[in-house]
Each structure stands twice: as C-alpha cells, then as structure tokens.
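Student: Residue-level listing of the chains:
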Amino acid sequence: MILPKFEYKKAKSVAEAVAFYHDHKGRARYLAGGTDLIPLIKLRLSTPTAVIDLKDIEELKAVSRNNGGWLTVGANVTLFNLKNDPVVREYFPALYESLDATSCETLQMRGTIGGNILQDTHCLLYNKSLEWRTARGFCYKMGGAACNVVPNAKACFSNYCSDNAPSLITLSAQVKLVGPRGERTVELEKIFSGDGRSPFLVEPGEILTEILIPLKKTQGAYEKLRVRDSMDYPLAGVAVSVKGAAARACVGGIGLAPRLYDLKNINEITIKEASDRIYADAKPVSNTVLSAIYRKRMAGALLKKAIRRVLQEGWK
Amino acid sequence: MKDNFNIVGKRVVRSDSLDKVTGAARYTADIKLPNILVGKVLRSPYPHARIVSIDLKRALKVPGVKAAISGFDAYGIKWGVFRYTQDHAMLPTDKVRYIGEDVAAVAAVDEETALEALSYIKVDYEPLPAVFDPIESMKEGAPQIHAEHKNNINIHIHIDVGEVDKAMGKAFLVREDTFKAAGEAYAMMEPYAVVASYANGYLDLWMPNAGPHVRAKALSNLLKLPLNKVRIRHINSGGAFGGRSEVAPGDLVASLLSIKAGRPVKLVLSREENATSSRQVHDIMATIKTGMKKDGTIVAKDYRVIYNGGAYSSTGPIATSIPFYVYEECYRFPNVRYNGYRVFTNKGIRGMYGCHGRAFLAGNEAQMDLMAKELGIDPVDIRLKNGLKPGEVTATKSKITSCGLKDTIKAASERTNFKKRWARKSGLKGIGMGCIAIMCGFPMGFRSGSSCYVKINDDGQATLVTGLVDNGQGNESMVIQVASEVLGIPMKDINLVCADTEVTNLDPGAYSQAAAFVGANAVRVACENARKKIVSIAAQKLRVKAADIGLKDGLAYSMKEPDKKMPISWVVREAFFRGEPVAATGSYFPNIDFEREWVSRPWGQMAGTFSFGTSIAEVSIDPETGKIAMPRFTTAHDCGRAINPMAVEGQMDGSVQQAGVAAITEGNLWDKGHLLNPDLLEYKVPLACDMPDIDTIIISSLDPEGPFGAKEGGLTVRMNAYSAVACAVTNATGELFEELPLTPDKVLTMLERKKGVKG
Amino acid sequence: MKTIRVNIQVNNEKNVLQVRPYETLLETLRERLNLTGAKEACSMGACGACTVVVNGIPVRSCIVLTAEVDGAVITTVEGLKENGELHPLQEAFMEKGAVQCGFCTSGMIMTAKALLDRKKRPTKKEIVKTISSNICRCTGYKKIVEAVEEAGKKMA
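Chains as they are written, first to last, in our numbering: chain A, 27 to 342; chain B, 425 to 1183; chain C, 871 to 1026.
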C-alpha cells in the first residue's frame, strides 16, 4: 500500500521541529519510530502535509539520573533500550514488564517511549483502509456523526492501547512538553482528554520531550490480556507498583484513558475493593477481538493477578 | 516392497530452498516486464445492491491511465466448477453481492495515477436488503441473492445409508449437540497478485495458483479465448492452503485490462483486499446426533450441517461434502444420514480450506469422548473400536486399502502416556485425541490423473516436465527426489519444468491431496520407462544382463561386478547416436469411480487411497482468565512412505499451528457484511511464542499403489489437530465446546457453565 | 513534489538516490534497487516479511521512510553471502527444512541475523522471543527455531 504525498523534514533540535510545525500551519505530524504513525497515514487516517522526523535530536535520546531524584528518559529512547536499562529493571519492575510485553522485539527496537505514550487510540472499526471505512460510514473519530460500535452513543469508545503509560502512571511519572508557547511539565495521567477525536491534552505543535520518573525503588508487575503472546495490543492491561504498604494500580486498554487506583494499604479487603471498583469503572465496548463483558471482568481479575505476583515475588 | 533406497526416505534439502534463503526466488509481485502497468480495482461498498450504471469516462481521461474496465467489457459468462454452479461473473453487471466485490478497474502507469483514476469512476447503485446469517437466509422472505436459488440454498448434499432412525431408536446411548465455528482466513503470507500480459493473440498469466490447467480453462471460458491462447506460467507461490484453487476475480480483471491496454498489467491486492475479496473460509454450524451401543460401537450418525457459503457457489458441492467424507473414511458407520446445506449470504466468496470443517470434525470427536466416558470407555479404546481397518469399505462405498489408523492411535497414545493421563487428570489440565482420514485425490473427471515427460540430456542430466504444482509444501522437490531415485541421477542434476500450461500436461493440482499419490506416481512411471532405455544400452555396453544393472550417482554399473561401470552421460550419447534419445513419458490415473458425483450420486470409490492420523493435544486452562496454554502436541501420521521425512514433518508442524493452535486463536469476525479483521494484526495467526513443543511421528503403512508406498502427507494433521484441542478442553472441563475458536472468553463461559451445573 | 537525496549503503554498495519523501524503504529496495527478497505481506508492520537490517537493527521496511535512513548501512537477504559462501543462517534454514513457501523466509532470516549479531549462541527461549516478531503461515516455527539454534552454534 503506497503512502499519500507529504513532505519530509528532519529536525536537529526541538526548536527546529517546532519551527517546521509552524511552517506547515499545524498540518504536520511529528515522527519518531513511526510504528504507529506510518500505518495511520497508509490507512489515510492521518493526512499530514509534512512529517517532521525527531529521531536526529540528540537531546531526546538519553536516559539520565538527575539530582532531584528523578530518572529522565528522553522521548526518543526506544522501548527495547529502555527495557534493557538496569535502572528500569531494578527500580521499576512494572515498567520493565510492560515494555517487555509491548508488541514484539523488532517493533520495540524501533518504537520510542514518547511515541508509545502518544499513540493514537484503537478501534476494530477504525484502524481500516479508507475504502473499508467509506463502506461502513465515518464515525466520530473520523469526523463523522456517529459511533459505529455503540448505536446512538454520543462519544467515541476507542481504546488507548499503550502498555507503558499505565506502568508509568503507577510510578507517578511526569512528562515534559515543549511547544510554540514554551515548555511545561505535567503528570502523565493528566494528558488524556477523554475525547476520541483527539485523545491527548497536547497543544498543537507541542512535542513530548522527556518522561520523568521519581527514582524510588518499587515492586511491581504488569498483567496484559491478549490472544497471542507477542505483537498484540492489550485488550486490557493492569500495572501495579508497590512502595511500602501502598500500591498504585492503573488500568489500560479499555476506553480512552488509563484509570488510576490508589491502594493505601495492601490487604485482601483493599485488593477486593480495588478490583470491584475497576470492574465497575471499566466500560469496554465491542470493538476488539474479545467480548466487552469479558474484558470488563478481566480488568478486575488482572489486578488481583498482578498484586498476587508482586507479593509473591517481592516478599518471598 | 523394496526398502533400501538411495534417496527416497532420506531427509534431503529441498530443491527450492536455496533460492528462497537467498532472496532469489521470484513471486508474482516481483515480476518486472517492459511497459508494465499497475492495475487497481474499485470494489463494492454494499453487501447487496443493483448496479444501475458504471461510468468509466472520467477515469479514462486521467493522464497515465491506459485502460479502464467493468463487467460490461466482459462477455457475460459466469464461471462455476460444475455445470450446475455457474453463477460467478467475477465482474458483475446485474448486482453486487458482497462488500469488496470487484466492480471496475483501471490500469495506469503507476499506482498513484491508478488510485486517482479509481476515484473518478462513477457507479450508481440501488441498495438492496442483505442477509448475512445462513439461518436467516434460508427463511421465507429473506432477500434472494441468486434468482434461481430459492431460500438461498446453494447446495444440498443428502446422503442416507442404512436405517438411521431405526438404529438410533435401538441405540443404548444417544446424544445430540450443535457446534459452531467461525470461518478462518487462509492468511497465506503472499497477498494475491496476478500479472497478465496479452500480446500477439496470446495471454500469458502469472499468479499463485494450485492448478494452472483448470485456471486456464476457466479464463478461456470467461474471456472467450481458445484454451491454447491462455497460458498460465510457473511462479513461486507464497502459500495457498486451499485458497488459491479456483480462478480469482483478479485474474479476469488483469486479463481484461491487459487485452484493452495492449500492455502487461500487474495487480497486487492489499492485505485487506486479500481477505475481503479473494476468498475466505466457511463459517459452519453442525448438529450431530450419535447413537452408540453399550459397548461403544457407533450404530448411527445423523447430521445436519450448515455452511455459510457467501455470495457465490465456488467449489460448493465439494466444500459441503468433504468434512463428512474425511470422517466416514476414518470410522465405521453402519447407518448414517448427512444433510449438508451450503447457503448463500451477502458475505465474501468462500472456498475449500486445508483445515476445512472444524466445527463438524472437532464436534464429532469431542462428543464421542463424552459419550464413551459415560459408558466407561476411554478415547483410545473408542477410536480403536470404531476405526476402519484395511480392507473395509466406508459407508459411501470407498474401499480402504493401506490403513495405519490403529498404529497412529497406538503410537501417539503410548508416546504421551495418554490413557493414564486422561483418566487421572488434575485441575484444569486436559489431554485429548483427534483422528481423521484423508482421501488422496477425489473425482475430477479427466483431470484426476497426471503425466510426466522426462528426457535425459547429453551430459547425463535430466529434465522433467509435469503439470504438478507446488504451493510451498515441497512438491517440486518431492518429484525431483523420486526421479533421482529411479534414474540414479543426483537431485542437483535434475531440472524441473512444471505448472506451465503451455508445456505441461493435466494434473489434479495441489488442492486435492493428490500430489504425492498421483503426481509423483506419474513421475515415477516416466522415469522407470526412461530407466529401461538406459539399462538396456548400459547392459549391452558393459556386457552384463539388464537385471544386473544399477543406476546411482550418475553411473550405470554392474551390481555383481561394481568395477564394470560407465557414466549415464555415455549411455545417453550412445542413444543419440542410435537416433533414439533417452526420453519417456509416464502417467498415473487413480482407481476412482467416475460415476460418483457430489450431489446426484454420492457413493463409489472416492480416491485411490487414504492417509490417516492421530493428534494429541495437552492443555491447561487458567481458571481466572480462561486462557488455554498448550505445552505439548503429539501427532502421528500414516502418510505411507515419507519420501522426504523432513518435509512431511514440516507439514505436520505447520498443521499444528494452522489447525491446532488456531483452534484457540483464529476466526473471522464480522459486523454484518463488514469483515472486522482483514489484517495480520487482528486476525490471530499464531506466533512462535504461542506454539507447543511438537512431537511428530511418521507411520509408514506402505501403500501398494503409491510411489515407493507414499500417500498424502500433512493435510491429515490439518484436519485432526483442532479435534485434539477440543477433546483436551473437554477432558479438562467435562464440557463440550459450543463454538471455535476457543478464545479465553468462551472458555471462561464453559468453566462457569460447569460450575452452574454443580451448584 | 520535491525528491530527497539520500545516501544509503546497501549490501556493501553505496547508493546515492533521489527518493520521494513519502517513499518507504521497502519500495526503494524492491523498485529502485531490484532487491525483491524483502516482501510486502501486510504493509502495516504487522508481519515482518519485509524485515531488513539497518545499522544492526531489524527494521520493518514497509513502515520506514527511505528518507529516515539517510546515511545508514543496510543489509538485505541478498547481501548475506560472504565471498560467495552462504551465511550460516541460510545454510541452517536449508538443512533443517525451515523453508516452505518462502514468503516469510527473508524477513525471518534477517530478524534472526540481527539477533545472532548481537548475541552469541542465544537460548531457545531467546530465539522464540525474537522470531515472535514475524509471522510464518507454513512451518509452525519449529524448524525455524532449530535452524537459528544451529546457526548460532556455527557462528559462536
């Protein structure tokens, strides 16, 4: 399948990338690993006039500890390299596991952590060719006036399928965004809009440049529901990070944004409560290869699995 | 039978693999021809609509567009494999019957131009009510898809042997269950592609295909060209699995474009088009009623099976029959009734599949286990009791000659310690067994046989010419190996010309399980005829008796006095001197009852012989998620003599993936007429990490007719692996499956149903 | 639209090319350089049939722009032979019977090559994990895993 026409720009710095974006009057897309973006363009789901390649920006390629007690991860660090960073393995097991569970090894080597966080949401009726979508009719996310999955729905129910954002959220990660109007740092869980047409609260032209993770040792796990043990996006994913007696759990793969749950004290009762809350909050619809009701139930079940594993592995 | 061969039975490197590991092997999309154009197809966005008009004028005006066509440029001819199934125009002019159906096409200098031109084709449709479910489609008042087929029933296969109702009434135990299965995607790695080149009145075509001769015939009909003007050329095929057996709409499209443009045209389908618009596999619903005696003897079977046939007949009568036949070729059914209905719906075109019929076959096997258990009989004994033995005749009158069914059951169950593990299962672990038989060929009229021409060249090398086809399973290498054995010429010195309608003769093709039994047999006969000529001259020259001549490593030698020897090349040169070059033909035509017909006379000898096999799956189920893990899979196969055991093992391994693990992961998903997973991400072809440890066991029953005793190798496992998985899940849960694939959501439902029964 | 000038070294040969900005590496290899070993099977990065090695890393060339790999050293299946000798992976794929229809073979071999180049004698588990990036429809992967193991031993 051929790509539609667009220009290609290689940026040497964040400032240059933002300037290119400005030149294209907002109709440009930033390109990192391309594993999410290029298929979207092939399917004509994104039709930029230009792509701005960020891969040559040196400042986005590093992982560093800084004095404030943070691990700073450049957005262009590949999933594979981040997974193999000893700090990640030692301090952030939930993130290690979610990186390892992301797609497949080859795509981990190409995909970046920034791109993984800002990947578009998925739907079985959305990620299709223009011909397929024309036959089915355009939905909200394509600029149409209906949802093709839930009749009479007022909004989009596509799924946010990053494996790593939920892990990072349990680790209280923040992201740095640099754009035409300067830079800002926000908690990762705050960048989700809840609107399928534009799932992130990222300003036009803003670039996610860094992920900042508090450098404190945690125990953790990531449980992922999928049909095949490689390549597949999560049909539900639960990350858990534990510090002392408290745990943070985050559910991804269902709906437009990850959901965070705090467990102040881990015990049978709080685990059950959290699992029940997750079950109640999860609102999957029939837009993946497994049934909605099953995914709803699994979200709660995966939490129990993840915590059980952390307790066994961490406190043995 | 002689058992001491130079090369047959050895694990040889396949003759085609060097080109494939170096990237040199050419597939259709790799073809480059001078002035070649790019073809693109405009497809129906409607599942069912009347075509009011098609306007190509604006598309033709786009610079760089060299041709544009629709069905109005064709000849109004409809194709069907049988006289009574001719309903497929390939480019319709009356109405469209599925989303993705080919409607019009362009050929342009490049893909961008072709895509632009497509957007200017104007088609006026009048949408019609559509139907997607076969049960709905059979009801009175459902939208009629083909005028001549009332209630949309495309094919009804009715088989009635013995006295089913009476036997069922007398049976000790009777059980009826309904099983469903989603149709699969062939998901061959190569998306469909075709190159058509029309010049000087001849049409040359390249495409992945399983039978070039029948394809040429179809196109000659559709294009109103004499058969000798349509030439299907040899090219590598990136997998078929039954999906490349029939003529494809793209063949007609590319041909019409090339004829119109006077230039070669290449049409390569996208992955999505390959799924929506080449072919798919039937969704099936099978109701199975079985009667057993107290001792486990099956006394009666009563079947009602509904196949969602999609929009056209395709190989309908065969597809509606095969699951039943491979089962009756395996077990003894004194009384059996089969009602198979293939029903038209507004879904894509469907064909036969290597793993065809999983709901029916896995349902039969799982139900048998549950009934046997009730009678205190285990899966091994119930199969040994009811399995056919050599010399027996099937319910529809096929005689079984060589038959290693019993040996495969024993070998596989001993290897896995089956009986003990089945009886003493723990937790949600299970072990299950599936058996099947496969006919090596089926009645295809005068196309049922194969022939071969062999010539020995002046350097002592050989050239084989045969219609045999290789879709990746290794058929080409197999016949080179057979020729090498007979002629004593190393494989590397044998060239093969095959699957090219201009030079090769008819062959059943690579979709009828006949390549080893029929195709290789023809090669063997031709080479034996050539061998006689070599031996005769060598005996004269070496002054020994003809019976004393051996051929090996390119030499003719005296077996008694090995010092007496000469290169085969000298023999060949002598033959040229005598004006009688060493060349020979040979053919093989299997012993089939040609009165047999799928609908009107469903009895008589189906094939020359049958292969058999037993698969065993071991599973464990996660009680919280319902996810099935499959640590080990054991499969034993009676394929007669394995000409290349390594190649047979490869077929068996692949079958464990495509039928066994697929029983957990694979199935097409639909939103009415829209295929939801026409890609390789959401259609779940198992990956390396999803595979069990595979243990393959080859049982050689040595067929008296097969070349060196060989029969079909591999497909057997494709048609019993899912049964093994279904039976293992039944062993683990005590429940029968309702629908394949056994994705974790469905398994969890099974577990809960079980709990509900207990509570 | 303006073309872009790129320098890429493919199979030890330097190429200076003018490519379309929206041209994929797979298109460049297959159409400009006549290297048709890499196959287009899904076009979406979901199967691995188009895998080539770029600067030591396996890359799905159907979802990478040629413009992105300006300056890169690229190896395709056609460039695996050294001094006319087959690469140990090519030999092992033949000898172990790991090739059937052949359409996934180039991508599978290139994925495995990148593994063997970064890791001596990988374990079976590591091999399975690596090649779980690629779809094969024919073999059940068993003989592919055996072939990579065998090549790993030869190369160690």
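FYI, nobody ran anything at the bench for these hints, they're computed from the structure. Among the clues, some could well be false.
Listing some non-contacts, in silico: residues in chain C with all C-beta distances to chain A over 12 Å [said to hold, decoys possible]:
{"id": "1", "residue": "Asn882"}
{"id": "2", "residue": "Asn904"}
{"id": "3", "residue": "Lys990"}
{"id": "4", "residue": "Lys999"}
{"id": "5", "residue": "Thr1000"}
The calculated DSSO-like cross-link candidates involving lysine-lysine, where the alpha carbons are at most 27 Å apart (straight line), are [what the hints assert, rightly or not]:
{"id": "6", "chain 1": "A", "residue 1": "Lys331", "chain 2": "C", "residue 2": "Lys1024"}
{"id": "7", "chain 1": "A", "residue 1": "Lys242", "chain 2": "A", "residue 2": "Lys87"}
{"id": "8", "chain 1": "B", "residue 1": "Lys916", "chain 2": "C", "residue 2": "Lys999"}
Owing to the predicted nature of the structure, the values given are computational and were not obtained by experimental measurement. Yeah, the Cβ is synthetic: ideal placement off N, Cα and C, and Gly gets one too.
Student: Let me make sure I understand: some of the numbered hints might not hold for this structure. Which ones are they, in numerical order?
Tutor: Of the numbered hints, 4, 5, 6, 8 do not hold.
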